[in-house]
Structure formats: C-alpha cells, structure tokens
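Q: Here the protein sequences come in this chain order: A and B.
Position one of the first sequence corresponds to residue 4 (the working numbering), numbered consecutively onward.
Position one of the second sequence corresponds to residue 79 (the working numbering), numbered consecutively onward.
Simulated from the structure, these hints should not be mistaken for laboratory data.
A portion of the hints provided could be inaccurate.
Calculated pairs, SDA-like style, for lysine to any residue (alpha carbon to alpha carbon, straight line, at most 20 Å) [what the hints assert, rightly or not]:
| # | chain 1 | residue 1 | chain 2 | residue 2 |
| --- | --- | --- | --- | --- |
| 1 | B | K188 | A | A205 |
| 2 | B | K210 | A | R287 |
| 3 | A | K179 | B | K188 |
What follows is the residue order along each chain.
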Amino acid sequence: MRASAALPVAVVSAGLIAFWYVAAIGLNWQVVADMQARAGAAPGFGEMLSLTLSHNRPLLPAPHQILVELWNTTVALPVTSRRSLVHHAWITLSAALTGFAMGTALGIVLAVAIVHLRALERSLMPWIIASQAVPVLALAPIVIVALGALNLPDLLPKAIISAYLCFFPVTIGMVKGLAAPDRLSLDLLRTYSATRAQVFWALRVPTSLPYLFAGLKVAVAAAVVGAIVAELPTGAQAGLGARLLAGSYFGQTIQIWSALAAAAIVSASLVGLLGFTERVVAQRLGARAG
Amino acid sequence: MAAIEARGLSLTFTTRDGPVQALYDIDLRVEPGEFISLIGPSGCGKTTLLRVIADLEHPTGGEIRVNGTTPGEARLRRDYGYVFQAPALFPWRTIEGNVMLPLQIMGLSKAARRERARQQLALVNLEGFARKFPWQLSGGMQQRASIARALAFEPQLLLMDEPFGALDEIVRDHLNEQLLKLWAATHKTVIFVTHSIPEAVFLSTRIVVMSPRPGRIHDVIDCDLGAERPLEIRETPAFLRIAQRVREGLRAGHSYEG
C-alpha cells in the first residue's frame, strides 16, 4: 500500500469501529438495564458502559468480543475440536473451492460456446440470466434434498450450489473478454490466414484475461456465500453455515458474528489471492509495473 | 507474371445511408520489384484498394489477380505482408514474440521462428530490443517492429497502409530512408498508401494518384529518380517537378464542390 493511501484507510477503519462501538452500546443498553433492574441493582454510567460491552448474549457484540471469540475458537483450540472455527471454515472452504472450480469450468465453456456460435447467444443467454434471478435460498433446499437422496458425499451438493452462483460472473466476463479483440488485431490474424483455433489462443484468450479475473473475483466470493447457504437448509453438523445456524438456535450472537467474520476473512483472502495471481500473470505478460 | 493486376475493379459498400462507391473501374498492373505509392485525399479508396489486394475486402465488380491468383488464394499462400496504420503489436508479447507470431501460425518450429525473428529484427535495426515489450519502445520503433513482423513470412509483396502517418516528421524521414534501403536490399514489391506527396515521390518507382467519390485512379506518374536516393534529393528540380505533377493531379481530381 502506498503511504498516501494509509491515512484515509486508517481514518475510515477507525470511524467504522467507533460507529460499531456506539451502536453496540446503544442496542445493548436496554437489555442490560432491564437485567440490572430485575436484579435490583442500579449501576452507574461507567459500569453500565462496561456491562453493555461485555454481555454474553448481546444484541450486537462489540468488535473486541468477536475478536476474543475468534481467538478462542481458532488459535486456542486444536483444529480437531468440534468447536474449532478452523475446522468449520475448512469444511465450508473445501465445498466453496470445489464449487468454484466447477463453476469456473462451466462458465468458461459456456462463454467459449457463446462467442463461437452466434445462435447460442440468443438461445442460451436468457436462461443463464434467468438462472440467477432465482433466489439461491429457495433453490438450495431443493438441490440439497434431491442430491442428498443420491447418497453423494456431503461436499458435492454444497459445491453444486456454489458452482451455480459462480459460473455466472465468469460467463459474463469471458463473453465480453473473448469478444474484446479489436478489428485491427483480427484483420492482422486474417492476413496470416490464421484458423479460428489459432485466433482463439493467440488473441482472444490473452485479451480476455483481465475480464476473466474480474469475473473470478466476484465468483469466488459468491462461492463462499453459496457453500454457507447450502449448509443452512439441512441443519448441517459442520461448516460456517452450521455455526451460524447453531448460534441462532441458542441466541449465541457472538458465535454468529464470529462465524460471519470468519466467512468474510475467507472470502477476502480468496479475492486477495486471485488479485495476487492476476498481478503475477499480468507481469509475465508484459504489463507495466505499478 | 504481374505481381498485381486489376481490371475494371470496383467495390460498392452497402451502408445505412445507401450504397457508397469506394472503388470504381480501377485498372492497375504492378510488376514484381516495383515500389508503388497510392496517394489521394481521404475517401479516395486507397486503403480499400490495399485491403482488396489483401483479401480483407471483397470487390463487387471487375477482376483482380495477386501473383496470378485470386487475393484469397494469395492470402492462403501467405504471399504478402501487411503493415497497418497502427503498429498493432500484441502488448502481452515481447517484440520478438510479436515478430514470431505469424511464424507460429505458419507452424514453424520454435528454433526456426527465433532465427527468422532475429534476421527480420536486424533488418529494421531492432536487434537489441527482442526481449522488450511494445510499451517500452517509441512509436517509430514499434512501427519498425511491425514491419519486421510483416516481413517474417519473407513474402515477395509488402502492403503498407500509411505506416508512418502517426509519426513525427523527423522519425518519418528516418524510416523512409530505412524503408528504401530495405527495399533495395530485398527487391520486394511494395504497395504503399500515403497522403504525403514528398513521401510518395521519395519512395516510389510509380505514383498512383487517386480521387474520391467514386474512388478511382486519376493519374499514374513515373518516378524515375534512380535507386540511390539520399534525403537531399527532395531539393532537386527533378524531385520537385514530380511532386508538382502529383500535386496538380490531386487538385484536379478533388472536387471541392462535393
């Protein structure tokens, strides 16, 4: 990060955290006040503040509570523990990555087909777009139950939901990218009497890479969401989705929020990893540094 | 056999505003080893004529032969190299990689590609830049790289569409000199589209003056200044006389009433 960007980033982050603390105090105040009243206590303002920020089932946990929970369920626990967030995150991540691979493959195949067969654009595109108009929350239970009856491994139905969300941004990006080469470059390859396959590999694929990476970044975040959503309808025993579900059954808001934070960290890391890969690829393909 | 032979060639584009006659009744015969400039105002069809020769456009009337066959067959034989107005180098390939592109499409082995690319880059004085990427080169160097790329097939015919149009005059002079040397060394047939009179006179053995609406050949001027042409030749009476005739041709062929 450049030094000039550090200050604005720090200011915005600090602002958001401050806002979060104020919101946590405000939302939890009444709950704490009622509890204290029932117990016949009348704490002062300072004590009230500390109580609102240390309640164990707050309406809105404070950031430090989530951090402590994250620490306790990752670093402080063996990975094999059923309470380990690393264990749950891995279950979700493995489904998300499998789905991401499937969705990316499908997305690219669809895009190549659409770009090369004009007729497919009109016949296939409406279905592809319609597929994304169906709420995944409604679709997930149907797919999970149907595939569950086939006795597939747990991971696969979840991966399919992820793939379902994933392929779309990849297809859209790649269709645009593969059609992006300009007239001049196409004319140039025509003067070489290049075949369609040669035009594809020598020109269309390299031109489409930035579009592909843009699509992949959206897709990988969607894959994590897909895997989590897929864990909800069956009351899965493990995975970040299962942690969210269990947390909401028992009113464990801190557990819910730490699972959410884990999901965000996983997604952000994946997007970051893709961004890094993109930079490496771009560098190898002669992009200007910086 | 003529390098290019066109008889009664015409091409009408169908546009939303109705038909546009881009080429009308073109008769032209180019012998092997000639350096022909096509000159004329924009809209006179000079680029279109070049594109017809390259099989990038299809004529709607008349006949054209390139090395004795249709342009399509000539293209499939890879009989010509084409230099566009812009260098059109692929930014993700090195200079060497760009020059090797046509050879890769031709199916040459990697070693053969590398060797040919080295030769062609030497021909345009870019030996030291093989591993650079296009953005690391100036505009003039990029266009030289694109000429090396067009020469990679070792075609007998070189089609050049205002290759130096976007460059400043000093660079253009320099490249004109280099191009003449290249032409003298390789004995290729060159068809060169330009709208610069000095450039056309300096380079050509014959100048084809074209006029617009419809695009047609107005005059063909012999330009017999010999093979040795230093830049100073542009101050000589012989040079100025030819330039004057080209200018008159352009003026007469251009109707300003249109």
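Q: Hint by hint, note whether the structure agrees.
A: Structure-based check of all given hints:
no.	hint	in the structure
1	B:K188 / A:A205	holds (15 Å)
2	B:K210 / A:R287	holds (12 Å)
3	A:K179 / B:K188	violated (32 Å)
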